[in-house]
Amino acid sequence: KNQVEQSPQSLIILEGKNCTLQCNYTVSPFSNLRWYKQDTGRGPVSLTIMTFSENTKSNGRYTATLDADTKQSSLHITASQLSDSASYICVVGNAGKSTFGDGTTLTVKP
Amino acid sequence: GAGVSQTPSNKVTEKGKYVELRCDPISGHTALYWYRQSLGQGPEFLIYFQGTGAADDSGLPNDRFFAVRPEGSVSTLKIQRTERGDSAVYLCASSLDRGSTDTQYFGPGTRLTVL
Numbered sequence: 001k002n003q004v005e006q007s008p009q010s011l012i013i014l015e016g017k018n019c020t021l022q023c024n025y026t027v028s029p030f031s032n033l034r035w036y037k038q039d040t041g042r043g044p045v046s047l048t049i050m051t052f053s054e055n056t057k058s059n060g061r062y063t064a065t066l067d068a069d070t071k072q073s074s075l076h077i078t079a080s081q082l083s084d085s086a087s088y089i090c091v092v093g094n095a096g097k098s099t100f101g102d103g104t105t106l107t108v109k110p
Numbered sequence: 111g112a113g114v115s116q117t118p119s120n121k122v123t124e125k126g127k128y129v130e131l132r133c134d135p136i137s138g139h140t141a142l143y144w145y146r147q148s149l150g151q152g153p154e155f156l157i158y159f160q161g162t163g164a165a166d167d168s169g170l171p172n173d174r175f176f177a178v179r180p181e182g183s184v185s186t187l188k189i190q191r192t193e194r195g196d197s198a199v200y201l202c203a204s205s206l207d208r209g210s211t212d213t214q215y216f217g218p219g220t221r222l223t224v225l
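Here the protein sequences line up with chains A and B, keeping their order. Here the first sequence stands for residues 1 to 110, where the numbers follow the working numbering. Here the second sequence stands for residues 111 to 225, where the numbers follow the working numbering.
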């Protein structure tokens, strides 16, 4: 069964600190891996997209890594801001159909 | 419009009723996706359209769920004989094509509550 597992389930950090979110997947065959940010009551917004051959992708303060051998990805957030408080969802695509993780809820406190 | 829009934003209905949820994708996007999201969980794939045709409907939970996209733009998700377990946020997304690196742009969702 295709699965995407994210950890931690929730995380609280102070403004200005860095953090790393983890994603492990068992989706096969693999097409791409995406990280989304979802604010409460809103639809997810794409942060990064990586294919099999890419092992890192940055978008501003967000840097995603991918290890296709171990089927692991991470999302690193640098110098966190209050507006980073949201759910971060790892999504693994498979031939047009995607498997979503349940997300990590990040809370950034002043 | 500038983004994906969904109507209504909220829908409250009674068990057994029929509901329709509408999605207006970004103009020119050929791929359209429907997802269902329960509280505290990630979105769950329902159906994917490429143009007017449903390329993959394997995520639809049962035959009470049906979706159409007759002109390759607006899509309607139809739920018959609603059950309390259908209560969730229904998300729609569109992308330019179904390429492996195509970004999916999500709408704000329709929150369905079945009483």
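Hints are not guaranteed to be accurate.
If we take Cβ atoms under 10 Å as the criterion, some of the chain B residues that face chain A in the derived model are [unchecked claim]:
| no. | residue |
| --- | --- |
| 1 | Tyr128 |
| 2 | Gln151 |
| 3 | Asp166 |
| 4 | Ser168 |
| 5 | Ser197 |
| 6 | Ala198 |
| 7 | Leu201 |
| 8 | Tyr215 |
| 9 | Pro218 |
I should point out that these hints are in silico values taken from the structure, not numbers from a laboratory. Values in this document were obtained by computation on a predicted structure and should not be read as measured data. Beta carbons are placed, not taken as given, at the ideal position from N, Cα and C, and that holds for glycine.
*Check each numbered hint against the structure and report the violated ones by number, ascending.*
Hints 1, 5 and 6 contradicted; others consistent.
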